[in-house]
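Enquirer: Now for the letters of each chain:
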Amino acid sequence: MKSHIPETRLDEIRNQAALGQLDAKGVRPPGSPFPETNSYYGLPIVKPPVWTWEIPLYFFAGGAAGVSSVIALTAQMTGASKSLVRDARWIAAIGAAVSGPLLILDLGRPERFLNMLRVFKPQSPMSVGAWTLTAFGTASAGAVIAELLRMRRVSDAAAFIAALSGLVMATYTGVLLGATAIPVWSRHARSLPVHFGASALASASALLALRGHDEPALNILGLAAAALETYMGIEIESCDDVESEPLRNGPTGLTTRIGGFFSGPLPLALRLLGIRSKRARRVAAASALLGSLLTRVAWVEAGKASAADPRPLLK
Amino acid sequence: MAVTGFLTDSTLCIGCKACEVACKEWNDVPDDGFVWSGLSYDNTLALGHSTYRHVKFVERQPKSGCGGNAGEQLTWEFSSDVCKHCENAGCLEACPTGSIVRTEFGSVFVQPDICNGCGYCVVSCPFGVVDRRPDDGRAFKCTFCYDRQKAGAEPACAKACPTGSILFGRLDDLERAADRRIAQLHASGMTDATIWNPKETSVGGTHAFFLVRGDARAYNLPPKPEVPTTLLKQSWSAAAVVAGAMAGLSLAAFLYSSSNRRGAK
Chain F
0 MKSHIPETRL DEIRNQAALG QLDAKGVRPP GSPFPETNSY YGLPIVKPPV WTWEIPLYFF
60 AGGAAGVSSV IALTAQMTGA SKSLVRDARW IAAIGAAVSG PLLILDLGRP ERFLNMLRVF
120 KPQSPMSVGA WTLTAFGTAS AGAVIAELLR MRRVSDAAAF IAALSGLVMA TYTGVLLGAT
180 AIPVWSRHAR SLPVHFGASA LASASALLAL RGHDEPALNI LGLAAAALET YMGIEIESCD
240 DVESEPLRNG PTGLTTRIGG FFSGPLPLAL RLLGIRSKRA RRVAAASALL GSLLTRVAWV
300 EAGKASAADP RPLLK
Chain H
0 MAVTGFLTDS TLCIGCKACE VACKEWNDVP DDGFVWSGLS YDNTLALGHS TYRHVKFVER
60 QPKSGCGGNA GEQLTWEFSS DVCKHCENAG CLEACPTGSI VRTEFGSVFV QPDICNGCGY
120 CVVSCPFGVV DRRPDDGRAF KCTFCYDRQK AGAEPACAKA CPTGSILFGR LDDLERAADR
180 RIAQLHASGM TDATIWNPKE TSVGGTHAFF LVRGDARAYN LPPKPEVPTT LLKQSWSAAA
240 VVAGAMAGLS LAAFLYSSSN RRGAK
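For the record, the sequence lines run as chains F and H. Residue 88 in numbering that gives the first Met the number 0 is what sits at position 89 of the first sequence, and the numbering runs on without skipping anything. Residue 9 in numbering that gives the first Met the number 0 is what sits at position 10 of the second sequence, and the numbering runs on without skipping anything.
Keep in mind that the hints were calculated from the coordinates and are not lab data. In this text the structure is predicted, and so the values were computed from the model without any measurement. We put the beta carbon where it would ideally sit given N, CA and C, even for glycine. Hints may be right or wrong, so weigh each one.
Claimed, not checked - Some chain F residues judged to face chain H by a derived CB distance under 10 Å, without partners named: (1) R13; (2) A17; (3) I181; (4) T229; (5) P250; (6) T254; (7) A268.
What the hints assert, rightly or not - A few chain F residues that don't get close to chain H, going by computed Cβ distances all over 10 Å: (8) P43; (9) A145; (10) E236.
Isolated chain F, as found in the complex (with noise of 0.2 Å):
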């Protein structure tokens, strides 16, 4: 007797029958008991998301851009090395630059995004955040090239732009998931911007340090962004409600947990732990750029999977 299911499954399909829940997808048996449901079929509601591999580089490489644009402004303030401040204006600089494309890449019609700009809508997050774009673009580019052309004056300007809407890329793309139908996300809706902010502050500061600079003053960043990221892990870990289940449950709860080690506990002890090591600060920063990245993933993939699910919809 050859079979494809083990003869344990046939006492398993008996004793779920006799309780009335088989939980076995496909035919039901003519006679089988109905499970109760107050959905139907139990098929989504909402629609996933269409957004593919582009958006999530995109928070991430938008988001450590931003920042940077934060930190050179204020290491230029307060008369830190050139270089970092130079560094940092070219990370913001080249994130922009990436940006873009990527946004353009994930359209339906990218020959179409100019569209992006034909209004702007406050209540569209989406429209702030093309509109933050263009500026922070425009902006962290005239910097870098001004300070080529040695025009200091018009490139501390566009830096000072850079750094305001800097502000803004960083945080808005936690908006634009936060105010959405998704129930995974709407959930976090305030926890969102933090959480992405946050993420930001860890990979400016972290590719900063892995550029070669071992300003305390990015330490102090690189450990300020990890104690709110295992924050934000404790609070992820403590929603027991049926919205954030994506976030713990399935490859999506496992990616989160990933990209939250990489974020805080791991970089957090590190930086503690090794507080003299230069070796253990580069190793943090390191941890905490991939935390950055599976964090932005994570998010993502968690709102297709909560798509999926109509019961936060049905309550």
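Mind docking chain H on chain F? Use the hints.
Expert: Only chain H this time, still in chain F's reference frame:
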């Protein structure tokens, strides 16, 4: 121009899918796959980028009987789903290009010559109606037969409906008609007939509303839909706080660095 609407009466629907066919043909909507779902007679499954009308086949589960005796009777109801054309429409608010507009008939319309397929309306619809057509790249949903209404005709689905389950007309007329129908049904003993129209929520009511029997959740009609714009305030406030904190922290960290440098000199 008068605001028009749809009243879809599930007590009159016979599940013939004439509305689905008429909509596909009139609007020249492409084929979106052919699957046997195994879920009653519903092989359409959901509204989407290429499905603007969707007939649901709601099988109410009977309480199982005991010892081979019959339980309650199986009930079978049909209801033709459609874009709700919300009073406060999530897709319209979210659209960054201004492609999605409110028409003179009060309906919500995606202008195909402007949409660039950013996909933000898709996640902003509380009813999962609008979606991006993969091979086309743009977002599509029920147009409320804008072209036909412009010409003074009723939408294709309403015209093709053989039982009067899909009623088209002025929204205020339809709301009165729905109240009359409910009173009639209740008087004749169908006391579980109700109107689903989320007027008490942030959606503010829908221009396409439904008469269903019993719990509307069995039709996947959410009891408390919310338009995502209600989340903007709390989300942007959080963003502002964290942005300010990051700027302040960064400045403080570099001030600390610079005082260290001066101390070392």
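Enquirer: Each hint should be assessed against the structure and marked as holding or not.
Expert: Hint check:
no.: 1; hint: R13; in the structure: violated (17 Å)
no.: 2; hint: A17; in the structure: violated (12 Å)
no.: 3; hint: I181; in the structure: holds (5 Å)
no.: 4; hint: T229; in the structure: violated (16 Å)
no.: 5; hint: P250; in the structure: violated (20 Å)
no.: 6; hint: T254; in the structure: violated (19 Å)
no.: 7; hint: A268; in the structure: violated (20 Å)
no.: 8; hint: P43; in the structure: violated (6 Å)
no.: 9; hint: A145; in the structure: holds (22 Å)
no.: 10; hint: E236; in the structure: holds (19 Å)
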